[in-house]
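S.K.: The task is to assemble the complex, starting from two chains supplied on their own in separate frames and drawing on the hints.
The residues making up each chain are set out below.
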Amino acid sequence: MNKLITLFLIVGLTGCSLLMPKKAEAVTNINGNVESRCTVNTDTTGYYGNPNAYTLTTLPASAGQVPIVRVDTSLANAYKAQISYPTSFSSSPSLGDTVVWTGAVAVAQASSTDMSGYQAASTTADGGAMRIYELVHAGATWFSVSSVATYGGGQQKAFPGGSYSAVVTAECIAQ
Amino acid sequence: MYRPVVLWLLLCGSVAAHDMTPTYPKWKMSFIPSARMTTMQVFNKRADVQWYQIGVFDKDWNQLPFVTRYKILRVKYLSRVKFDVYISSEYSDEAEYICSTSKLRGNDDFKPIVESKICSRFK
Chain A
0 MNKLITLFLI VGLTGCSLLM PKKAEAVTNI NGNVESRCTV NTDTTGYYGN
50 PNAYTLTTLP ASAGQVPIVR VDTSLANAYK AQISYPTSFS SSPSLGDTVV
100 WTGAVAVAQA SSTDMSGYQA ASTTADGGAM RIYELVHAGA TWFSVSSVAT
150 YGGGQQKAFP GGSYSAVVTA ECIAQ
Chain B
0 MYRPVVLWLL LCGSVAAHDM TPTYPKWKMS FIPSARMTTM QVFNKRADVQ
50 WYQIGVFDKD WNQLPFVTRY KILRVKYLSR VKFDVYISSE YSDEAEYICS
100 TSKLRGNDDF KPIVESKICS RFK
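So the sequence lines, in the order shown, correspond to chains A and B.
Note that the first sequence covers residues 0 to 174 in numbering that gives the first Met the number 0.
Note that the second sequence covers residues 0 to 122 in numbering that gives the first Met the number 0.
Be aware that a few hints might be false.
[Stated by the list, open to error] Label-pair ranges, simulated between beta-carbon atoms:
id, chain 1, residue 1, chain 2, residue 2, range
1, B, F30, A, T97, 52 to 60 Å
2, B, A46, A, S115, 30 to 38 Å
3, A, I29, B, K25, 24 to 32 Å
4, A, G127, B, K81, 35 to 43 Å
5, A, Q108, B, K75, 26 to 34 Å
6, B, Q49, A, G126, 29 to 37 Å
7, B, A46, A, G138, 20 to 28 Å
8, A, T123, B, A46, 50 to 58 Å
9, B, I31, A, G95, 46 to 54 Å
10, B, D92, A, Q154, 47 to 55 Å
[Claimed, not checked] Chain A side only, calculated, beta carbon under 10 Å to chain B, not exhaustive:
id, residue
11, V26
12, I29
13, P66
14, D71
15, A77
16, A165
Read the hints as simulated data drawn from the structure, not as lab findings.
No experiment lies behind these values; they were computed from the predicted model shown.
Built from N, CA and C at the ideal position, the CB exists for glycine as well.
In isolation and in its complexed conformation, chain B is listed as follows (with noise of 0.2 Å):
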């Protein structure tokens, strides 16, 4: 009796949400000579999302080639991931957005889901 209550308010007053930080990050030197980096952190508070894509782009959306641990990037439910992004210092300049989309799951019901992107911007 009490499930379908139970499962109706979890469904309901779940909160999921996505978030990425900082908004305006730099290129920073890193070891590597030829390269620069930045360090992104992403927060992942969609428990039907555990994996997010890291993207670079110019200010046309053209992707840009970037070095990074993972490029779908696990972030476990209510956990927070830092990560660093490495880029050729010939793009550095070039990159305009740095952007983490969620990569959703097949489901098997009639429900849209929601595909959440953030960008970042380099000014």
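Isolated chain A, as found in the complex (with noise of 0.2 Å):
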């Protein structure tokens, strides 16, 4: 009788614990995946100042404002930045005679000190309007792009009444 108890017993435990949830084996799985990736960010919208009749320009002493573009890079030496100041206007009044575009790109910020050679080490491009960066680290590069519009050629003549828009680019190229 007590061998019977004894077996319904060790069968019954036997099928509790086969019940039983297993705490054991819930294992949730946290995926990810890392991956290179870039992006352009517009950290500050510029804007042009007008000091004279015949200036455009994006500097903060002439009540314009330069526009600030962040690139960053997941993986180093995966992109390359190529960062252009305006050469036309994207949307202006009728312009009879010519504008002079100067402009100037430059690595304002940088997320590490590693990143101090990327303007020293940079080409140009364009004329000179395009800057190229090899982005050789991981990380933040903020770059600040300012731009100058002359009209009339040397002549300072002064420009038409009306609004004008200006693009800057910037581009972010997998090496």
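M.R.: Take a look at the structure:
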């Protein structure tokens, strides 16, 4: 009789253990994927100031604002950044005379001191309007893009009244 | 009184970003025997842009013929759009870059606006 009770107990306990939730097997995976990526961010929208009749400039001293573009890369040596200042208006009143464009692209800030050599190592293209940076370190780099447009081909003619827009191009090209 | 401050904070505090993945896509077989395809993804965190133009280029930046559902994609703010790009097998070996370029709206004040372009590379 005792043997029969023991057998029932063993079978019962085994059955219960099989029905119990198994905490050790309740595994929830958190999966992640790290891939190289480049993000172009417009941190500061620039605009032109109009210090005199024949000049439009982003210089703060002339009531303009220099646009700041941030380029983030998650992997070293995967991308190059190509930043260009404008060389034409994307929209403007009808202009009968020449506009002389000047500008500069510079590294304004970087997330790592390793990037301090970016400006010196950069090259230019498109007659100097485009500056090319090899992004050899992962992280964020801020580029300032100043622009000056002078009307009249050196004759200092007044810009016609109206709205003027120009485009800064920020490119991130996989290497 | 507070409106200009709020507007200033929105303009100065907002971050506008654009990215495209993968960085190094690969051409795969497609259901069209004479074409190959790849899948790309664009993420738009630029409130000022909703349209992105897709282009495929060779190593000298000459445009190559390709097919996608829309060559100018609408990518709403803070959304991600996946798209398939098909190319004739004849050109797939020549294809070096696939790019997405923001399409900008005209604006009426003196703001220069930023055109962002991201190019992935076939290796």
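S.K.: Hints first: check each against the structure and report whether it holds.
M.R.: Here's how the hints hold up against the structure:
no.: 1; hint: B:F30 <-> A:T97: 52 to 60 Å; result: holds, 54 Å
no.: 2; hint: B:A46 <-> A:S115: 30 to 38 Å; result: holds, 32 Å
no.: 3; hint: A:I29 <-> B:K25: 24 to 32 Å; result: holds, 27 Å
no.: 4; hint: A:G127 <-> B:K81: 35 to 43 Å; result: holds, 38 Å
no.: 5; hint: A:Q108 <-> B:K75: 26 to 34 Å; result: holds, 30 Å
no.: 6; hint: B:Q49 <-> A:G126: 29 to 37 Å; result: holds, 32 Å
no.: 7; hint: B:A46 <-> A:G138: 20 to 28 Å; result: holds, 25 Å
no.: 8; hint: A:T123 <-> B:A46: 50 to 58 Å; result: violated, 32 Å
no.: 9; hint: B:I31 <-> A:G95: 46 to 54 Å; result: holds, 52 Å
no.: 10; hint: B:D92 <-> A:Q154: 47 to 55 Å; result: holds, 53 Å
no.: 11; hint: V26; result: violated, 29 Å
no.: 12; hint: I29; result: violated, 20 Å
no.: 13; hint: P66; result: holds, 6 Å
no.: 14; hint: D71; result: holds, 8 Å
no.: 15; hint: A77; result: holds, 6 Å
no.: 16; hint: A165; result: holds, 4 Å
In the structure shown, a violation is registered for the earlier hints numbered 8, 11 and 12, in ascending order.
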